[in-house]
Amino acid sequence: MVEHSQDGAKPAGETILEVKDLVVQFKTEDGIVTAVDGLSYSLRRGETLGIVGESGSGKSVTNMAVMRLLPEPPAIIPRGQILFKGKDLLKTAKSEMRKFRGNQISMIFQDPMTSLNPFLRISTQLVETLELHQNMGRKAAEAKAIEMLERVGIPGAPRRFKQYPHQFSGGMRQRVMIAMMLLNDPELLIADEPTTALDVTIQAQILDLLKDLQRDFNTGITLITHDLGVVAGMADKIMVMYSGKTMEAASALELFETPAHPYTLGLLRSIPRADATGQRLYSIPGRPPDLNRRPPGCPFAPRCDFVRDVCNERFPDETILSPSHRVYCHATDEVQSKVKAGLIDIPSRREAQEGAAPAAGEGA
Amino acid sequence: MSDSPKPIISLRNFRVHFPIREGVVFRRLKGMVKAVDGLNFDIYEGETLGLVGESGCGKSTTGRGILQLYRPGVAHVSGEVLYKGQNLNELGRSSKGLNVMRPLRRDLQIIFQDPYASLNPRMTVGNIIAEPLKVHELIKGEANLMKRVRELLEVVGLSPAMAKRYPHEFSGGQRQRLGIARALSLNPRFIVCDEPISALDVSIQAQVMNLMSDLQERFDLTYLFIAHDLAAVKHISDRIAVMYLGKVVELAGGDEIYDRPMHPYSQALISAVPIPDPRAAGKERILLEGDVPSPLSPPSGCRFHTRCPFAIDICKTKEPELLEAAPAHQVACHRVEDGSLPTHVKA
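In the order they appear, the protein sequences are chains A and B.
Note that my numbering has the first sequence beginning at 1, numbered continuously upward.
Note that my numbering has the second sequence beginning at 1, numbered continuously upward.
Here chain A stands alone, though its shape is the one from the complex (with noise of 0.2 Å):
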């Protein structure tokens, strides 16, 4: 393993994506329901972003609307800046970004069944790729593919390029995704939910040749996720998101130790542990607010446990509390406060005093 991670403060890459300030919309029968609400973030090379949120959080649309994959109507993007490179692709075009998806910036989705196409062999749809990004010709696009469907571990790779997807399992096939957006040696790559669809021990399995492949290619990547435990694993810093808003942005280390943000601590404190059986799980009240009905001021403020009257009227301001740490919330003193004071009980934290001083250790 490469030494970082601990802190965030990794060796810095140049910033290859700037989100700055995004809105999307979408028209519905029921009038504009803004799915992402001024969002910030950016992202270096070689370093890994983790977006946490629950479905409808927009986690997804924003990066939909990073790869310019919505289709406007009825999407509308009517503010914000997607800086790639420092080239602002919401004002790229069409035909100009074709050249930049799948090559330069690719996607890893969740679903690996439906995101090959059954009617081609893999030779067709890898070759394919390098054929349009690259210019190569046949014969050697397909000494490449092979190359690199060896290279992510699929085992007697000459053999089974020729193959269809549905004879790959869904473990093979996320490899075969993986393969694909490779071999374009992409600069960033936007991973969402890559492996909630395979079991366990496919997932450690894909999760580690993520994290090598980003070692040998030095690719930034965008990790979408639910799990609270895979970010753990993977992410360098990560981004909690709720009703289509930053609630809190820290390094991995930071968010799981010091927490700031009650939907954060919410999240935190409902995943069952293993250390914690037969007790009630803590769980947040209530449900995620209707896009088209989202509460004035703080959307989360229906469900938190730390509400204030000004909770209603206006959302927060962004308070720093470290470079790599920010915050949106009106009550973010008190729920530090308790935190710090050992008050509420957080699971990863308390594993973190007792149990993870050696294992920290054998890492050095």
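Simulated from the structure, these hints should not be mistaken for lab results.
Since we're looking at a predicted model, the values are computed, not measured.
Label pairs and their in silico Cβ distance ranges:
1) R71(B) with G38(A): 53 to 61 Å
2) L69(A) with S294(B): 29 to 37 Å
3) P327(B) with F119(A): 52 to 60 Å
4) P158(A) with E324(B): 42 to 50 Å
5) I20(B) with P158(A): 25 to 33 Å
Cβ coordinates follow ideal geometry from the N, Cα and C atoms, glycine included.
Take the given structure of chain A and dock chain B to it, following the hints.
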């Protein structure tokens, strides 16, 4: 949790095989998918038995097979499923048996994984929940039925006024509550929970799991909790059975199996669970090579030997039995049996 371990369901050499046929006219038998192949264990009254394993290992088939949800032509169910002294597998085969089975069915219910697909979109919620009551003719009269429906909605934490609504008006978590209300309508004793929280959001999962624990206590329910999310299974289960390719490879108390997994497959499975703690990111994981082999032609001997880092010659030829390796801890592994398995890192 009950103090006296009295079995409510006992499985004896329980198998579910699916015939694979080929050809249009003659439908030759091409082979058998041995989805579940010889299970022997008891489920105790009042406990939650977790059943974990990867897709295709037969965990859902086990749950459905116990409840006799497969038609005879579709699957060959053999061995014994004992409930109240009756072998449910036998009862399904004769019309006389079916009459005995009918009242027993009320006791045995299921909650499905997909709260979107398991509720009929054209029926009101009230009718969905009342349907089992109508089928079993337990409550007479529309007014009494609706009274029971409202009661059930309240039990699962929904408003009784929602009985007139349709499933699409509900969120995923609420739909799962409806599925639970339907399962509870006949006052069951045993519920197969087939991945009940897998399709739900994180903050909703905790709500549904708490509800299930509360209901278990309130109505003395026994759960067979099937899931691939090991942390959730660990949280809710008293004991856990690990399945691999149609076999149980290890069965022990939840803490025991997490702290001291003995079977190499359980060890790999547990070490693969992502830990929500960035400091554990560098943790050594046991990575298994390859995929699960096809249950159409499972490997000889121990089915795990093709992926097992500790396999020796005997593993390829002789199938290991599920034996007690420590008090209340059963393992099916030759190398655990003869004590030659290298001690693992955890502990």
